[in-house]
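Chains as they are written, first to last, in this note's numbering: chain A, 2 to 356; chain B, 2 to 356.
Derived from the structure by calculation, the hints contain no laboratory data. Since the model is a prediction, treat every value here as computed from it, not as a measurement. Take these hints with a grain of salt, some might be off.
Same chains, same names: a pair is fine if it fits in one copy or spans any two.
[As the list claims (entries may be wrong)] With a cut-off of at most 27 Å between alpha-carbon atoms, the simulated DSS-like pairs for lysine-lysine come out as follows:
1. K20 - K262
2. K315 - K20
3. K20 - K283
4. K315 - K153
5. K11 - K179
6. K354 - K335
7. K20 - K354
8. K354 - K153
9. K315 - K262
10. K153 - K262
11. K20 - K352
2 protein chains.
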Amino acid sequence: MSDPKHHVEKPYLITRRLKPENQETPIQFIENDFISNNLFYRRNHFTYPKLTFSNYFLSINGLVTTPLLLSMHNILQLPSKTVEVVLECSGNKRSLFEPRVFGEQWGKGAMSQGVWKGVPLRTLLEISGIKEAAKEVVVEGYDFGVRTDLDKVFSYTRSLPLKNALHPDTIIAYEYNKQPLSFIHGFPFRLIVPQWYGMASVKWIKQISVIGSHFTGPYQNIDYMYYPNEENDDGAHPVTTINVNSTIQKPLDMARLNTGKHVIKGIAWTGKGCITKVEISKDNGSTWSEAQVYDSKSSYKWVSWSYEWDSVEKGIFTILSKATDSTGQTQPIKPYWNRNGYGYNAIDQIKVKVE
Amino acid sequence: MSDPKHHVEKPYLITRRLKPENQETPIQFIENDFISNNLFYRRNHFTYPKLTFSNYFLSINGLVTTPLLLSMHNILQLPSKTVEVVLECSGNKRSLFEPRVFGEQWGKGAMSQGVWKGVPLRTLLEISGIKEAAKEVVVEGYDFGVRTDLDKVFSYTRSLPLKNALHPDTIIAYEYNKQPLSFIHGFPFRLIVPQWYGMASVKWIKQISVIGSHFTGPYQNIDYMYYPNEENDDGAHPVTTINVNSTIQKPLDMARLNTGKHVIKGIAWTGKGCITKVEISKDNGSTWSEAQVYDSKSSYKWVSWSYEWDSVEKGIFTILSKATDSTGQTQPIKPYWNRNGYGYNAIDQIKVKVE
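Model the full structure from these sequences, guided by the hints.
Written out as structure tokens, the structure reads:
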């Protein structure tokens, strides 16, 4: 017999696809700063790599003075760095594009954040040494599969410009929220690139190669490119840092509310600088008020914000949220439409009926 | 350390609200005829009733010859009936209405089905005897809360016309899929009314009253009414039986596919008679082909259907599914718009890009 006292209402991941596993965080129902491991969004290009890591070594090679083969033990002995970082899939909010865009129909929850601990990539590169001709650092994951467009097997591999690879907060993470990194999120080592969209944070790292040219793998030169035109590739440019953005968590879209006091709350985040202002409109953009923003100095995390609304009148209200960051970037009214649906960051919008 | 061999990709309930708990079944990812208990959609009007059922008695009263007070043991001793039934929330697919409708934004998964075992309500009413003036049977649940529109506390209570109450397949269920009914789905007893939308299947039954008039509680006379007009209540009529309907499970909406063979698959169901035909269009309704329908004689269950599509041409395709039942009802092109968004059953539609 089931016991009513043991039932706790809780949200779950929202399934977009199972093979490969793509599930998003129920972001409207998240109340913590850090997402628990099981509600962290899952975005995979392939089925999970079937490997045992009992004999794992990380190879650092290419344009380095001393190629390295590091055991897990070696890496865990090095000085660690802890960063609090929002990871956002560049396809987050894709389902909101008009005209609609094909691909995974992410809602507003292809993003999560938490506390990552690991070794700065810079530390490893300092140990190996970098040759003068070095331009980019290529990070390869253990996950792989056939790309039907190229009729060939590829592993998930991406590069970072040397400047970003050497940033002291770009880390090879092995802990998430003070727990060992879970297999599904990249055990034993996952690259964490703060401020970049999630595609940069390669999971299940196999090797790191320093190269003297621009890397042109398909997860960099075909996918994760903004294509502004439906019919051709003119104006294509790579997806890199996170756009300034905000999401209303409460009230829920299309909710019916009573007259009286309601808290409008949500989150805001950016890939450049930090959030300086979140504005709320209750009249579809005619007038704006500033929301209270909490902990706005945290540059890699989202910030929470809230606004108290005393809804005395009955009727239908379109509520908007608009974030601005310290570089002066602000959310646009219309998103930057692109063929593969990356980087959506238009002003967030919900509708409610007060009755 | 997490073990890759232990990770199984699986879908979860989709959270629409937590207080009260409203979560839908990930219907696109369901491959079984019967939904496991944990993926069965949850639709509550209130927080869960906080009751211990150790001293449970079911009262049958009103216009009966012999009022009864039955223990759980008494009820479990009576001859049982097993029915395979789809339950569908009348708000299923509400989010698809245009213009949009306020309320819980259910997608296509506010429905589930399984095997229910219990005692026919008819059996209980035969034991108590029904007086001649009887017109309706009122079933009250233990769940209750304040209705802000009426500023008063109500329990969840609904009536059935005598004819439906006496139907041999209308049961007081205590088992689901051969397991004791779980608390969240109505333990110890839940009314199951085949062919009616789910609001009729009252959970946590407290008492059953036979009355000689038409019951006018708010979950019958305010909610669960079709209001065809935005501005007034003209033409209001009650939500009762399930409309003929179908849902495409595969491919996923807005998926990118390769050229070649694809199986289009889904389910179809109706509240009257049984499904006789499911037609598929791959050209937004210009031409139609019949899908293969499995087990089409099962009248209370959904039927599965599939259609093999050899997509030789590249391009964008709008795929439709249209079910017809044995009473000649078929899915309309446009849904019957109504203010509270009940009974959506327009032809189902997805878009895919073949590339």
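Quick rundown of the hints versus the structure:
{"no.": "1", "hint": "K20 - K262", "in the structure": "between (44 Å within a copy, 18 Å between copies)"}
{"no.": "2", "hint": "K315 - K20", "in the structure": "between (46 Å within a copy, 23 Å between copies)"}
{"no.": "3", "hint": "K20 - K283", "in the structure": "between (41 Å within a copy, 24 Å between copies)"}
{"no.": "4", "hint": "K315 - K153", "in the structure": "between (59 Å within a copy, 20 Å between copies)"}
{"no.": "5", "hint": "K11 - K179", "in the structure": "both (23 Å within a copy, 26 Å between copies)"}
{"no.": "6", "hint": "K354 - K335", "in the structure": "both (24 Å within a copy, 24 Å between copies)"}
{"no.": "7", "hint": "K20 - K354", "in the structure": "between (38 Å within a copy, 18 Å between copies)"}
{"no.": "8", "hint": "K354 - K153", "in the structure": "between (52 Å within a copy, 21 Å between copies)"}
{"no.": "9", "hint": "K315 - K262", "in the structure": "within (13 Å within a copy, 53 Å between copies)"}
{"no.": "10", "hint": "K153 - K262", "in the structure": "between (58 Å within a copy, 20 Å between copies)"}
{"no.": "11", "hint": "K20 - K352", "in the structure": "between (34 Å within a copy, 20 Å between copies)"}
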